[in-house]
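Peer 1: Protein chains in written order, with this note's numbering: chain S, -17 to 432; chain Y, -17 to 432; chain H, -17 to 432; chain A, -17 to 432.
Hints are supplied without guarantee of correctness; some may be wrong.
Any copy, or any two copies together, can satisfy a pair, since identical chains are not distinguished.
Okay, derived cross-link-like pairs now, PhoX-like style, lysine-lysine, Cα gap no bigger than 20 Å in a straight line [stated by the list, open to error]:
(1) 409 - 380
(2) 251 - 203
(3) 218 - 76
(4) 168 - 409
(5) 175 - 415
(6) 222 - 380
(7) 168 - 251
Derived by calculation from the structure, the hints in this document are not laboratory data.
4 protein chains.
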Amino acid sequence: MAAQAEFFAGIPKISYLPNAGARDVMCFKHYNAEEVLMGRSMEDWLRFSVCYWHSFCGTGTVATDPTLPLCADPFGFPTLHRPWNEGTPMESAKKRLHAAFEFFTKLGVKYYTFHDRDMAPEGSTLEESNRNLDEITDVALQLQSQTGIKVLWVTCNLFAHQRYMNGAATNPDCHVLAFAGAQVKKGLEIAKKLGAENFVFWGGREGFLSIHNTDVAAELKHMANFFKMAVKYKEKIGLKCQFLIEPKPKEPCRHQYDYDAMSVIGFLKHYGLESHFKLNIEPNHTTLAGHSYEHDIVMASTFGMLGSVDSNTGSSDLGWDTDQFPMDIRDTTLVMKTVIEQGGLQPGGLNFDAKVRRESTDLEDLFIAHIGAMDTFARGLRNAVRIIEDGLITGMVKERYSSFSHGIGQKVEDGSATLEEMEAFIKQNGEPKVTSGKQEKYESIFNHYI
Amino acid sequence: MAAQAEFFAGIPKISYLPNAGARDVMCFKHYNAEEVLMGRSMEDWLRFSVCYWHSFCGTGTVATDPTLPLCADPFGFPTLHRPWNEGTPMESAKKRLHAAFEFFTKLGVKYYTFHDRDMAPEGSTLEESNRNLDEITDVALQLQSQTGIKVLWVTCNLFAHQRYMNGAATNPDCHVLAFAGAQVKKGLEIAKKLGAENFVFWGGREGFLSIHNTDVAAELKHMANFFKMAVKYKEKIGLKCQFLIEPKPKEPCRHQYDYDAMSVIGFLKHYGLESHFKLNIEPNHTTLAGHSYEHDIVMASTFGMLGSVDSNTGSSDLGWDTDQFPMDIRDTTLVMKTVIEQGGLQPGGLNFDAKVRRESTDLEDLFIAHIGAMDTFARGLRNAVRIIEDGLITGMVKERYSSFSHGIGQKVEDGSATLEEMEAFIKQNGEPKVTSGKQEKYESIFNHYI
Amino acid sequence: MAAQAEFFAGIPKISYLPNAGARDVMCFKHYNAEEVLMGRSMEDWLRFSVCYWHSFCGTGTVATDPTLPLCADPFGFPTLHRPWNEGTPMESAKKRLHAAFEFFTKLGVKYYTFHDRDMAPEGSTLEESNRNLDEITDVALQLQSQTGIKVLWVTCNLFAHQRYMNGAATNPDCHVLAFAGAQVKKGLEIAKKLGAENFVFWGGREGFLSIHNTDVAAELKHMANFFKMAVKYKEKIGLKCQFLIEPKPKEPCRHQYDYDAMSVIGFLKHYGLESHFKLNIEPNHTTLAGHSYEHDIVMASTFGMLGSVDSNTGSSDLGWDTDQFPMDIRDTTLVMKTVIEQGGLQPGGLNFDAKVRRESTDLEDLFIAHIGAMDTFARGLRNAVRIIEDGLITGMVKERYSSFSHGIGQKVEDGSATLEEMEAFIKQNGEPKVTSGKQEKYESIFNHYI
Amino acid sequence: MAAQAEFFAGIPKISYLPNAGARDVMCFKHYNAEEVLMGRSMEDWLRFSVCYWHSFCGTGTVATDPTLPLCADPFGFPTLHRPWNEGTPMESAKKRLHAAFEFFTKLGVKYYTFHDRDMAPEGSTLEESNRNLDEITDVALQLQSQTGIKVLWVTCNLFAHQRYMNGAATNPDCHVLAFAGAQVKKGLEIAKKLGAENFVFWGGREGFLSIHNTDVAAELKHMANFFKMAVKYKEKIGLKCQFLIEPKPKEPCRHQYDYDAMSVIGFLKHYGLESHFKLNIEPNHTTLAGHSYEHDIVMASTFGMLGSVDSNTGSSDLGWDTDQFPMDIRDTTLVMKTVIEQGGLQPGGLNFDAKVRRESTDLEDLFIAHIGAMDTFARGLRNAVRIIEDGLITGMVKERYSSFSHGIGQKVEDGSATLEEMEAFIKQNGEPKVTSGKQEKYESIFNHYI
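Input sequences plus hints: build the corresponding full structure.
Peer 2: So this is what it looks like as structure tokens:
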């Protein structure tokens, strides 16, 4: 892969650690891909993925080039001037692809994710856009084959183009919905071509800015019917990947229908779609919805719906999506504990839907950010493994709920109890005793593992 | 009802309006119970209800008397010294009941709501508590019959007693769940006795403070099984009322499972309970969940699940439940527009789950607050009626979605369209045109009606 | 002004009101510039101003043309295609100016505001940028003279260019601070040339994204010294306008030093700058700081520091700056009450730092939005006048504090009282009586005026 | 101290750590009072203090006994039944004091803090309240002398009693202000008697619930004059302690004047009080004000105003004051880094204004919570020491601002530069170069120390 060398050749070493000067670019302190924990390699537990849009299309703002759609600073111009952003849109799309695969390879990550429109530039017609995609994904397929790197998921950008300003599947104009449908058709075909293991729907414009001009009932029905079309076409072409919906409460819409995990679960069940979809949870979206970092990961997992994770973070004092690299060890410990408890994320993974800050203008910052985040997740994994293997917390929790394993508790558990039995039990046994929840003890023990 | 006169006799007139000195206590400026709008009286559209806990048990703090459970100021002692809070708990329970019925009557409101424990004091055993309830509800039944005032809904207080500190239906100890079950059994019987039109479940402790000590999957299952017991017993005793779940995102728990309308809908559908429950939406809870004031009312109505409304408000700059009297005309206009569009709230209503501020220590403040809120809703109703009767906004919205009434839009609408058809449509018709959402126009027209 | 006609000629009438079809573009329902209230014309009380950046540079996203810096949708491409955005940057800058003056004139607004960089495109050197500004402001001066329209305020864009990504006056590199200084020097000269009545500093990048890399003490000192240089140069060139600082808590920075009104007041007093600055309050920034809509307007006015108002609004359920047109009558009533009570805003005004939604793509939406907002403020003014002239609320408040007009209250008021006197007073007079705050009564009366 | 043994005798060992069974009650894993770091003992850096109200008056709700004012669960009754809450108010006040000193001693903490009213019950007159205080503080003085435990700070409870519902120093009725003044006079005398090192003012009711009934200007002036009386009396009686104001944005008020650090600094400077006060920062209040955990500690320290810290935490997803024990190592590291950089907190300290959860009903939970939090701060201190001693981050920051140490940067630094010089510099040197902020690198290095 001669072409790659030109992009990151100037970054032979990453020196963020005090004495890492002598190491090469992949100087992980905690992440060790091959190391086996609880019968599985770290690589297998973590299934890291690099996202294409932030790391290879991002310019530190909404781009001046409409082929580079994502990365927002609403008050500033571009600051990230990447060597691959040169030439015609198709030329730079190819350079970008080579740069990306060079990066994936040097970083040692096996998966990547992309939107149709950040992989290949949108043309002036659907046909031209599709041709562009065909041409660029031919190169991608070749690079995948050369490197062994795979697609974690594909998604369609149904939100950046002006045609989608009032929604895609929920647009008041069915002409727009039709365009979105045509785009998703092609996206599914590309997913098949590249062997994507999942396909994500993020409904950034599926919601409303004003309740005054919106027919919520109509829009929800159209969205459900849109998903049904996608399911049907997926089955028709024999695409095997997992469909995922990514919840987000707001931004760019004032309100998005896929507000959080439970909202999506309610929607899917109402429209009979729950067997065809799982969730792709992004913690920065979870906290914007007013929940704690780990909340939607726990809830989705509890309902058997956790498919994949966009492993990023926000700042708890900010009310918008900052897509920062995850750097909090407590957070990653909780996430990995849930992941281990559900037996892993396969076919999902941990996708870094995160961008270097607009001010992190050095090319090496891309490496530093990913390495720092991967190490943070590696520490989280090690902590979670220790917590689970020790069994101390698990045992305390099990003991806490032990009354449901026998007697009247067992009847409640299996659904055979009645209110009359409850009353009889109380008349016989009187007031329950008060049992400490011992939150501070749990927190102190948890800290012990961090 | 001689007994009433002693409580509010000193408040012959409400003088909050500049020139209302000569009017009597019910000096509504906008509310006119008998007036007919769109074929129904204002009273019938609004179905106002006074809540028992705030207005008759509230003391301006958590009470010093454990029979008066609700009304929070976590930093202060009682300020509201009501003349009915005298004597033994049972004596004051009776005085309170007479005061309440005097108030309902003078205010001209036809419904009230209560928790089992604010109606009658909790005893030292379930049996004693039940006897207290029997004795007090005998009086209530008599007062209902004398005055024609009815119960909008009953609910059980499954959160204030220390036994519920770790949850009721989701308590880790099945003994506590059993107590809650026994209490709900009695609550259902009381609902039947008093002819309650609805029965509410508010899961204030059904959630968690710490994820570390919580088995979410187990708790959700227990909660579902608890609801199933209640459904079964309701059917057994032939209770005809509507079951309602009241969502709240947090407080007192850090996280409550009934976070918002969509969370509850997801939960109900997952456990096959959706035909037995509707929702009681409290806007102050909705805004705490990060939504706009009207959001959950609109969503619940869209899913056919809007049963009743706790008509209060919070302050958008505060992060806890303030249960203020609703005073914003824009808000009440939006609520009443949704209520009219779904054909009314029957058998639900607009329950003032609102309390006078801790600093509003005059007895007349109780009247002023209710009258101000009723007038605010009456203005909202009038505005909504004018909006709907004019048809201007409705017509604009209808036109906005008109493409779904024919051709490919019709196929999307009825679910028969495919992605292949979408693509073919775009290949033939090309790029959709951009259509202004005209939010500012809608807002300006809406303001025209306020 | 022949040139103007081409831009808005196609919008002869605004039809948002049901029966306004026959009126011309300025169909205000409530705003009547000449009408006199409390001895002053509405125009004089309201001093409306149109902002240049949103209304004439906005494209529905961060622009593809770096001369059009502001208007954010971080997830979308431009949607607003204005006829004046054609030709070279300098050509379109001139077209834009003509369009703007046509708009101001047709709308009947007497003031406008602008950033240096949205008036004239930034060149590749400071010298070129300054020449561009000279050339375009020559035209502006001519148009001002022809139309009588004036500059409410000028400001320098010290945040969009990549050089400012780490701050302007607080940049860790003094080279950047120097560039900002040079830019402000020119800005002050332009303010003088165009007769601007105020000059605004908005420190969008004066703060930090990460505490780890920031020397807060150094940055605050540099910012203070930067302001001192500006004060000195203003005096040197004899510029008479009022300096204003515009607080904002966050966005684009994670934390901005000018967090809210009190933060700026604290900063100014600490560095001895308080006599040279007042505040330009933007309510959307106030609510982002966790306050109620009117809070910073009231606080700034209380401290004698309210200079001007950026009359826009946000959505209380969103955590970022949406710069919507103000449409809430309650809000505008409270603002205008404060404005009247301090005797007006002169030389400040009500600047519409607001943008049509990205989806409001029709050219007429610009008129509709401004007219709707001006009517909303006109209603607020009328309400405030009625409240003040009636004197009911004012009288109640005066009575509430009447104990400070005599006796020991008078001594507290004038600062001569001591703790010993307080104790003696209590020993003599005992426990104070409890007095209702009567919030619901105040709210109900306030509603009476809306 | 025979009396103590009875309260905590049943808790010989704390077993929260996996293998701590054999250790005694003070089984710290990280905290080691005598250990010297950077020339000072851990005890000296940390200056831990236990608060009286939460840990000895708390009952898991607002108390049923008005002598136990603080500890909020607005929806629940007491759950914490302490053995010292028995007998008459004065009897239990004495038992509580012995229990507290037994706890301080066993825990090994050298400081405590209290409100006048949680130390001794309020009487029916000021005189009786003062006599109660005299009697109980006689015992306290004796216990202090026996144990060597000292008072970190005293404060007056000017918010719980109904007389303060509309404010203390900002009450519209000067009679109430006088009562507050009399109470503070006594508080200052008690502070002197017990050798308190600081005296805190927390203005929980100094603000408003409704702007409609409030004269902000009058209230701020009264508050300033109230503080001036306190300063004068402090000087008169020769009390040497540091005065501290504790900011909080809201709760119980809708808005509190002491919103955050900068608000208080602005207020103090406006009224010429800044030399008499420093700040007592509570991070849970800081986050409620919309800032990051460490923000107000950093800002107060930057302005030379950081006096003491109420070392607790909230939950970032909750909008009210939860007063949890601090358990996040990242947070404590940042706090201790600031504390070390300003040379310590003396005469302030780290006061655990934190309460065990309402559900943590075991007596041992009091120990577990404090030990867990002390260990968390000990880890934070060790981390901060390593960061500072290594000098890596400090060096990077110093380098980042190095341009201000010479040439034009030096002139900006010392305040002698002018805008003309800035312009000349740019004309000569042109565009500054873009320098990466390297946030992810800083974060990764910071993580390295955690």
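Peer 1: Indicate, hint by hint, whether the structure satisfies it.
Peer 2: Against the structure, the hints come out as follows:
When the C-alpha separation of residue 409 and residue 380 is checked against a cutoff of 20 Å, the pair qualifies neither within a copy, at 27 Å, nor between copies, at 59 Å. Proximity of residue 251 and residue 203 under a CA criterion of 20 Å is satisfied in both settings, with 13 Å inside one chain copy and 17 Å between copies. In this assembly of identical chains, residue 218 and residue 76 lie within 20 Å of each other by CA distance neither inside one copy nor across copies; the values are 31 Å within and 56 Å between. For the homomeric pair residue 168 and residue 409, the shortest alpha-carbon distance between copies (13 Å) is at most 20 Å, but the shortest distance inside one copy (66 Å) is not.
In this assembly of identical chains, residue 175 and residue 415 lie within 20 Å of each other by CA distance neither inside one copy nor across copies; the values are 62 Å within and 32 Å between. Proximity of residue 222 and residue 380 under a CA criterion of 20 Å is satisfied in neither setting, with 38 Å inside one chain copy and 40 Å between copies. In this assembly of identical chains, the alpha carbons of residue 168 and residue 251 never lie at most 20 Å apart, being 27 Å within a copy and 33 Å across copies at closest.
Figure legend: structure checked against the earlier numbered hints; hints not met, in rising order: 1, 3, 5, 6, 7.
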